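Participant: Listed below, chain by chain, are the residues.
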Amino acid sequence: MTDTSLTLAEQESRRRRRQTRRALLAPALIIILAISIMPLGITALYSFLTPGTYGGVIWEFTPDAYVQFLFERDIFDGTLQFNDSYLTIYMRSIGLAFGATIGALLIGFPTAYFIATKPREQRNFWLFLITLPFWTNLLIRTYAMLLILRDEGLINLSLMGVGVIERPLSILYTDTAVFIGLIYTYLPFMVLPLYASLEKLDFRLVEAGYDLYANRFRVLRHIIAPIAKPGIIAGCILVFIPGLGAYITPALLGGGKKLMIGNMIAIQFGSSRNWPFGSAAALILMALVVIALLIYARSVSKGARAHG
Amino acid sequence: MKTQLKAVTAATALALAGGAALAEGELNIYNWGNYTNPELIEKFEQEYDVTVNLDSYDSNETMLAKVQAGNTGYDVVVPGDYMVKVMIGEGLLAEVKPNEMENFGNVDPKWVDVWWDEGRNYSIPYQWGTTAFTVDTAVYDGDINTLALMFDPPEVLQGRINMLNDMNDVINAGLRYLGYGRCNGNEDEMREVLELLLEAKQHWRTMDYSTIEKLTSGDVDLSQNWNGAAMRARAQRPTLQYAYPKEGFTGWMDNVAVLADAPNMENAKLFINFMMAPENAAMTSNFARYANGITGSEEFMDEEMLSAPEIVMPEDAPAPDFVQPCPQEVVDLYNKVWTRLKQ
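Which chain is which? The protein sequence lines are X and P, in order.
Take the first sequence: its letters are residues 1 to 308, numbered as in the working numbering.
Take the second sequence: its letters are residues 1001 to 1343, numbered as in the working numbering.
Think of the hints as simulated: they come from the structure by calculation, not from any bench.
No experiment lies behind these values; they were computed from the predicted model shown.
Hints may contain errors.
[As the list claims (entries may be wrong)] With a straight-line cut-off of 25 Å between C-alpha atoms, the simulated DSS-like cross-links for lysine-lysine are:
1) K1097/P to K1043/P
2) K257/X to K1336/P
3) K1336/P to K1201/P
4) K1110/P to K1269/P
5) K1043/P to K1269/P
6) K1201/P to K257/X
[To be verified] Distance ranges between label pairs, derived from CB positions:
7) F1322/P to G163/X: 48 to 58 Å
8) G1159/P to G245/X: 25 to 35 Å
9) P226/X to R1191/P: 51 to 61 Å
10) P1318/P to Y247/X: 47 to 57 Å
11) D1261/P to R15/X: 50 to 60 Å
12) A1235/P to L45/X: 48 to 58 Å
13) L80/X to P1309/P: 20 to 30 Å
[Claimed, not checked] The following residues of chain P were derived to be distant from chain X, with all beta-carbon distances above 10 Å:
14) L1064
15) N1071
16) E1095
17) D1108
18) V1139
19) Y1140
20) M1207
21) D1219
22) A1308
Glycine is no exception: its CB is placed at the ideal position from the N, C-alpha and C atoms.
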């Protein structure tokens, strides 16, 4: 149907509807612009400025903050030397976030499968249990983890109580503690999308698989996993990205001896008095996340084309 | 219609006036966490019919960053010595002239002509103390007055140490242990400091500001510490002892000051004067467990404060070393060392 075939009244009402739609969208667009794009713009701008002596910025443009990420200037002869300090911090964060993602997947998948295979009227109760931790502030929950993992905490006291170990295990203030903390914090973000895709699973397909002599592993690999794939990917993204920038968990459970990206960025705005570098580090982190998402989006669209 | 409009205008004006009147009775204090005696705040509120709001920070730099951003609404801050100097230089503090106030005569003369605020035109003493470390003598029974316990710890203390998560405190302790000067821009000496710290770090369990909690929970047996915190920790773990290392230790003073853009300037000045009264200074000391620099406050202090080994320094201890702010090149060098240490 072309516009010419429409009556004037129809055209008019269409135009009005379009206007209303735009007017209704405007508040949301303005908010997105004001609270998301603008701060990002300020961060980008600051990352190209010169740090002020006591924090803040001086309005002189320089790419130093980005150079500083990989190189350090020798203070005597001014030559640039490769410096892996920040790369090491990024690699540690990526490693911990990746490990936490795998860990959350290994725990989250059976959990989501368990809930999805419960009778319909019981599922809401189990989902309620998964979302229950969100009722308490993250800081409080992390502090509770600290009490559990501590030398004289729940885990060590009960292990010593039943005689498995004689001296307390040093779990708290290690990478292991951060790893456990990250899995604990982000596990619900893995379970919920997994549940959403497993819930749609038609169990007749699983039965059909068994009827055709597939063993359990093959059923999981060729029937359940492909159907759950969108949930797996969504869950992994929801765990990996916030895990990468986690601040509270490494600060409390890690003991402050080693930095993760979030903590490193935070000190740039405090004792290091280098706002431009903090901004640059935050943008580099964001760029990494966006690149990872783009690679994912491309592989998905390729896969869709191959299947389609 | 017109009368209605008038009524609305009048109501708005009244409401605004009411708001202003309310604002006159407020004071917003921004102090270090766990450092303000709630009873003291209550007393000030009652004496002057003012509502006090309290907010807290964990380091001078956090406070500075927030104040620099502007429009904080805070009136009173409690910066450390070097931070007073920085903030005066940046024009962030109001010149409220405490030295012309009624109670100024109570300030101990030795805390008047200080390098961070000569003659006290901006700030008054809040608490002063030292930064050394606390050890559990039930765990380690040798001589505790040496920095070697942190940098080359005996086996019983290995993996049982908390250091302050503070660039200056950790690097200054390292410099003292190696016998090098403060605000050190010498790259070779700083490289040695870094090696020392990296070697010692294997034996450290945590780097954290919450020293009292780390010690009383049994997470560590030695913690770099402030003397008042050491006393508070000892109250819960009696075998703790505060060390006066022979290599030297940091002395510091926190000061009450008023922000240049304080919304409640008059109340802030009242508070400054209030804090110089001996009985009020003593209330802070009885809570935070540090000395206060106000003469005559001793008679209002708890008995145990007057003899506490954390407050009364032994005769043979070195004098506390008040560290001045370092030039930017040195801060940059320290930052590199610190990032290397924590990478």
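Participant: Going back to the hint list, which numbers does this structure go against?
Facilitator: Numbers 10, 13, 14, 20, 21, in rising order.
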